[in-house]
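Visitor: Listed here are the chains, written in short residue letters.
2 protein chains.
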Amino acid sequence: MLQKSPPAENLPRAVGLVGGGVIGGGWAARFILNGVNVRLYDPAPNALEQVEVALKNARRAYRQLTLVTLPPEGSLNLVESLADAVRDVDLVQESAPEHLEIKQQLLAAAGRAAAPCTLICSSTSGLLPSLMQAEMDDPACMLVAHPFQPVYLLPLVELCAGTRTAPEALERAAAIYRAVGMHPLVVRKEVDGFVANRLHEAVAREALWLARDDVASLQEIDDAVRYSWALRRAAIGSYRMANGRAGMRESVLRWSFKWPWSRLTEKPDMGPAFLDKVAEQADALVKLDPLDISPAEKRDDLLVALLQALRSQRYGPGETLARWEQGLRSRAPQRVAPDSRPLRTLREVQHNWIDGNGHASESSYLLLCGDGTGTVVGYIRGNGEDIANSATYYTVETHLRHLGELRVGERIEVLTQVLGADDKRLHLFHVIKREGDDKPAATGEQMLIHVDPKTRRSAPVQSPIRERLMELARLHAQLPRPEKSGASIKMPWVGAARSDGDLREMGHGN
Amino acid sequence: MLQKSPPAENLPRAVGLVGGGVIGGGWAARFILNGVNVRLYDPAPNALEQVEVALKNARRAYRQLTLVTLPPEGSLNLVESLADAVRDVDLVQESAPEHLEIKQQLLAAAGRAAAPCTLICSSTSGLLPSLMQAEMDDPACMLVAHPFQPVYLLPLVELCAGTRTAPEALERAAAIYRAVGMHPLVVRKEVDGFVANRLHEAVAREALWLARDDVASLQEIDDAVRYSWALRRAAIGSYRMANGRAGMRESVLRWSFKWPWSRLTEKPDMGPAFLDKVAEQADALVKLDPLDISPAEKRDDLLVALLQALRSQRYGPGETLARWEQGLRSRAPQRVAPDSRPLRTLREVQHNWIDGNGHASESSYLLLCGDGTGTVVGYIRGNGEDIANSATYYTVETHLRHLGELRVGERIEVLTQVLGADDKRLHLFHVIKREGDDKPAATGEQMLIHVDPKTRRSAPVQSPIRERLMELARLHAQLPRPEKSGASIKMPWVGAARSDGDLREMGHGN
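Protein chains in written order, with our numbering: chain A, 1 to 510; chain B, 511 to 1020.
In short, the hints are calculated from the structure, not lab data. C-beta: ideal position from N, C-alpha, C; glycine also. Accuracy of the hints is not assured; some may be wrong.
With a cut-off of at most 30 Å between alpha-carbon atoms, the simulated DSS-like pairs for lysine-lysine come out as follows [unchecked claim]:
1) A/Lys484 <-> B/Lys994
2) B/Lys949 <-> A/Lys424
3) A/Lys424 <-> B/Lys994
4) B/Lys934 <-> A/Lys454
5) A/Lys454 <-> A/Lys484
6) A/Lys287 <-> A/Lys277
7) B/Lys949 <-> A/Lys454
8) A/Lys454 <-> B/Lys787
9) B/Lys787 <-> B/Lys808
10) A/Lys287 <-> B/Lys949
11) B/Lys797 <-> B/Lys566
12) A/Lys189 <-> B/Lys797
13) A/Lys287 <-> A/Lys189
14) A/Lys454 <-> B/Lys699
15) B/Lys934 <-> A/Lys484
16) B/Lys808 <-> B/Lys566
17) B/Lys964 <-> A/Lys433
18) A/Lys454 <-> A/Lys424
19) B/Lys994 <-> B/Lys943
20) A/Lys433 <-> A/Lys484
21) B/Lys797 <-> A/Lys277
22) B/Lys566 <-> B/Lys934
23) B/Lys934 <-> A/Lys433
24) A/Lys298 <-> B/Lys964
25) B/Lys949 <-> A/Lys189
26) B/Lys797 <-> B/Lys787
27) A/Lys287 <-> A/Lys298
28) A/Lys298 <-> B/Lys808
29) A/Lys484 <-> A/Lys298
30) B/Lys994 <-> B/Lys949
31) B/Lys964 <-> B/Lys934
32) A/Lys439 <-> B/Lys797
33) A/Lys56 <-> A/Lys424
34) B/Lys787 <-> A/Lys424
35) B/Lys934 <-> B/Lys994
36) B/Lys934 <-> A/Lys439
37) B/Lys808 <-> B/Lys994
Here are the in silico distance ranges between beta carbons for each label pair [what the hints assert, rightly or not]:
38) B/Leu580 <-> A/Ile293: 32 to 42 Å
39) A/Ile293 <-> B/Ser591: 25 to 35 Å
40) B/Glu945 <-> A/Gln478: 26 to 36 Å
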């Protein structure tokens, strides 16, 4: 793996995509949602439509994937010629059909039309870069950058240099892909299929044997993999468990190719009868497992959940995700001039917030309050400073009122008002509502204390954060005081019960 | 897949394990934590020790995996002979070394010593059941039940019948494995390696090729898999994405065995130089990625996170987990006679509750309150009744006070007192503290409203739940009223600031 660089500064201004389709569309979605302008050349009549589908799926997936604010979307520009697509861009990504001659011609033409030193990358699933470079005038900046479907979610991109590729081009490309949230993996030698596809092909081949021989149906093959080793491989991989030299040596000696089942390496005959069989099994699979969303959406929801799970462990693809979010945070727009409006935080109700009653669980409201607090803390921290040890607040008290239900996917705004502040204390009032609604779905009042993270004891907040906080408190003091601030839970025996009408708009359950 | 039956009634009273080791130890852990008594026969001097390690890891993993109360652990009984192990058990699980003759003898001996119709299952990774049955007097109840490491976490168990196995034995075994949270998959034909290992072996073989040819190191191979298709396969599998007949046919015709990289099927030479190389790479992997816990613990943490992520989607292995929890819930002990103590809920601080300040995030305290409420609602619902539409409470107001920090893995008790209740309203006070501590880490006061889940409007709670609630409220009225109930958040300008000393024991951050 190449050296890591801070993501934001390696972000390209614009990329040129040669070829849309599933892969090109996925690239378009990843770049655009990372704020990169895209110029797309694809002569197919439905090219734009395909990219729009990928963009729609990607927007949906990203809304679930991260709570961090995404940058403003890059533009999508469908251009008329290859030369138009590669002009004034930092990177050209070719995703044409897998025919060597087509790719050779497109890459050569792209090289001629692009500015010198423009990176020219091919999405090929396995063709050799040295062969693809054959027709290029200047192949030093050409390499393979092979992504995986869905390109906007799966983090891997395999980089493979041809004989005439400059090493510096790999470094530059890796930094760009890392900046858009990917995990670049440099393949050490040119081989057909690179690494991931050769491995995947091996499983796919064996799977077709099992289907041909009626050992298992497609559904059973999928289950056998995803209920067992794919889960383990997706988590920790295979070789880390050997825990070093001795374990690895023993494991290879003891287990590899010792069994009868190690020997099955031919390919099944792929005639019409076999095709009929697997096609029928694929239909049975759909019937057994009807989805209420498209397979692509279901796949994305599951991938999002797994990526988030790995992020909670800061491991593997989860670490890649966490690093991307860190980059996004550093690019998030900051309010420039203070004014007296409450600070605004935008969120979306997440799948994993939903409880057995089909609405956001009570604890997710406190997550939203936490996000509102985060906006205040981010605001007083300011931008671009050393924030490691500054402005750490611990919540000491919270009063939540639930006034309505929230459903998955709803866009939420949290409006946060500073009710008071001094050197150590911060008193906030959050109003949580659906974007555009007048009535809040909940309110949260919180008292926080500034803490020295080293001693974990209360400590006065320092300049210049202190000044920004006091200024914000002064401005917010001009806002009307929320009616319910300072309220306590009333005993149920005091006052009248609420009417049923009120309750339609209330609460969330256990 | 075989028909599903309600898990609890298929739970065996006791199982006999023949062979401990990694697989036998994993079985012991899964059965014991599901409340099943285990009789273990293993002549190895460190047999008990190995099982204890598996049990320790499994306890740790299950505490993170589920918030549902586990049943009291089954007993572990190390016995002196095979006959002792298989007597009075519902299932014998053989996990001896992978030598056909050893297994044949053990299985035959087990069959002779066990009661008639006792299920006798082999954990073999790939030997044919018909061969293993060869020496048995009555092989009708013998089959393969092949699990995956770690047995207590990975849900797959492959069931494979020999020529003399009775179909009814497969049904019975499947029900037992399902009852302990597994996903039984019946292999349709006897083949070496069954399904999952043949597929895994194919990847493992291709991976060693890539390592031999220096295309990628072990680390890179692991990353290539887990950052790309293993993530996708663990989530949705491979064939569901074809979305039926047409897509499958096209995909096979278009993609299968068309590429140069489909053709690499021989095995690398496994001489000493090659062994040295992979051993060295395995060491590099450890150095690059030093863990602060053991690889097994890290693997388990990651698997737990992925399984929980899939549970949030109720899909695949996540559905298996959810079903197991449902079974556990129906078996959870209920308090028999009401008394005046607060209701007690035991939890453990989860990894995914931890925030950037290294302690439980503020919203996790509300999860704990929700668990306390769940205990009250479960209590008044009683046991064994139709609970689908009864006793649904929505929280309308919460007042949380944070008094201390909670760290990952700490055992927590939530003590919940009913402060008041009527037909519609329920007023609770939760005290959250480390098990054994006197001082609370937090308190939560909540007001809830009973709701008709169909209309989502407030509705009076019905008999007999109403009576149980009123009785509980009457008993809890004898408890002292919590000092801070009815409190509100004080303005920061009123009264003196807390001392630094207090703050050591306070709060949690953003």
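Visitor: Next, verify each hint and record whether it holds.
Guide: Status of each hint after checking the structure:
1. A/Lys484 <-> B/Lys994: holds (19 Å)
2. B/Lys949 <-> A/Lys424: The given pair, whose Cα atoms are some 24 Å apart, holds under the 30 Å limit.
3. A/Lys424 <-> B/Lys994: holds (23 Å)
4. B/Lys934 <-> A/Lys454: violated (47 Å)
5. A/Lys454 <-> A/Lys484: violated (36 Å)
6. A/Lys287 <-> A/Lys277: Cα-Cα ~16 Å, so holds.
7. B/Lys949 <-> A/Lys454: holds (24 Å)
8. A/Lys454 <-> B/Lys787: violated (44 Å)
9. B/Lys787 <-> B/Lys808: holds (25 Å)
10. A/Lys287 <-> B/Lys949: Distance ~56 Å between A/Lys287 and B/Lys949 Cα, so the pair is violated.
11. B/Lys797 <-> B/Lys566: holds (26 Å)
12. A/Lys189 <-> B/Lys797: Given pair A/Lys189, B/Lys797 holds - Cα atoms ~24 Å apart, limit 30 Å.
13. A/Lys287 <-> A/Lys189: violated (44 Å)
14. A/Lys454 <-> B/Lys699: violated (62 Å)
15. B/Lys934 <-> A/Lys484: holds (23 Å)
16. B/Lys808 <-> B/Lys566: Distance of about 14 Å is within 30 Å: holds.
17. B/Lys964 <-> A/Lys433: At roughly 24 Å apart (the allowed maximum being 30 Å), A/Lys433 and B/Lys964 satisfy the hint.
18. A/Lys454 <-> A/Lys424: holds (16 Å)
19. B/Lys994 <-> B/Lys943: The hint holds at about 16 Å.
20. A/Lys433 <-> A/Lys484: OK: A/Lys433 and A/Lys484 at ~16 Å, within 30 Å.
21. B/Lys797 <-> A/Lys277: Violated, because 48 Å separates the two Cα atoms, which is more than 30 Å.
22. B/Lys566 <-> B/Lys934: violated (45 Å)
23. B/Lys934 <-> A/Lys433: Holds, at roughly 26 Å.
24. A/Lys298 <-> B/Lys964: holds (27 Å)
25. B/Lys949 <-> A/Lys189: It is violated: about 62 Å lies between the C-alpha atoms, which goes past 30 Å.
26. B/Lys797 <-> B/Lys787: holds (16 Å)
27. A/Lys287 <-> A/Lys298: At roughly 15 Å apart (the allowed maximum being 30 Å), A/Lys298 and A/Lys287 satisfy the hint.
28. A/Lys298 <-> B/Lys808: Holds. A/Lys298 to B/Lys808 sits at ~28 Å (cutoff 30 Å).
29. A/Lys484 <-> A/Lys298: violated (42 Å)
30. B/Lys994 <-> B/Lys949: holds (14 Å)
31. B/Lys964 <-> B/Lys934: Answer holds: B/Lys964 to B/Lys934 is near 16 Å, not above 30 Å.
32. A/Lys439 <-> B/Lys797: The given pair, whose Cα atoms are some 55 Å apart, is violated under the 30 Å limit.
33. A/Lys56 <-> A/Lys424: violated (45 Å)
34. B/Lys787 <-> A/Lys424: Violated - the C-alpha atoms of A/Lys424 and B/Lys787 are around 58 Å apart, more than 30 Å.
35. B/Lys934 <-> B/Lys994: Between B/Lys934 and B/Lys994 the Cα gap is close to 24 Å, so the pair holds against 30 Å.
36. B/Lys934 <-> A/Lys439: Judged against 30 Å, a Cα distance of about 24 Å means the pair holds.
37. B/Lys808 <-> B/Lys994: With a Cα-Cα distance of about 41 Å, the restraint between B/Lys808 and B/Lys994 is violated, given a limit of 30 Å.
38. B/Leu580 <-> A/Ile293: 32 to 42 Å: holds (34 Å)
39. A/Ile293 <-> B/Ser591: 25 to 35 Å: Violated, at about 56 Å.
40. B/Glu945 <-> A/Gln478: 26 to 36 Å: violated (48 Å)
In this structure, the hints that do not hold are numbers 4, 5, 8, 10, 13, 14, 21, 22, 25, 29, 32, 33, 34, 37, 39, 40, in rising order.
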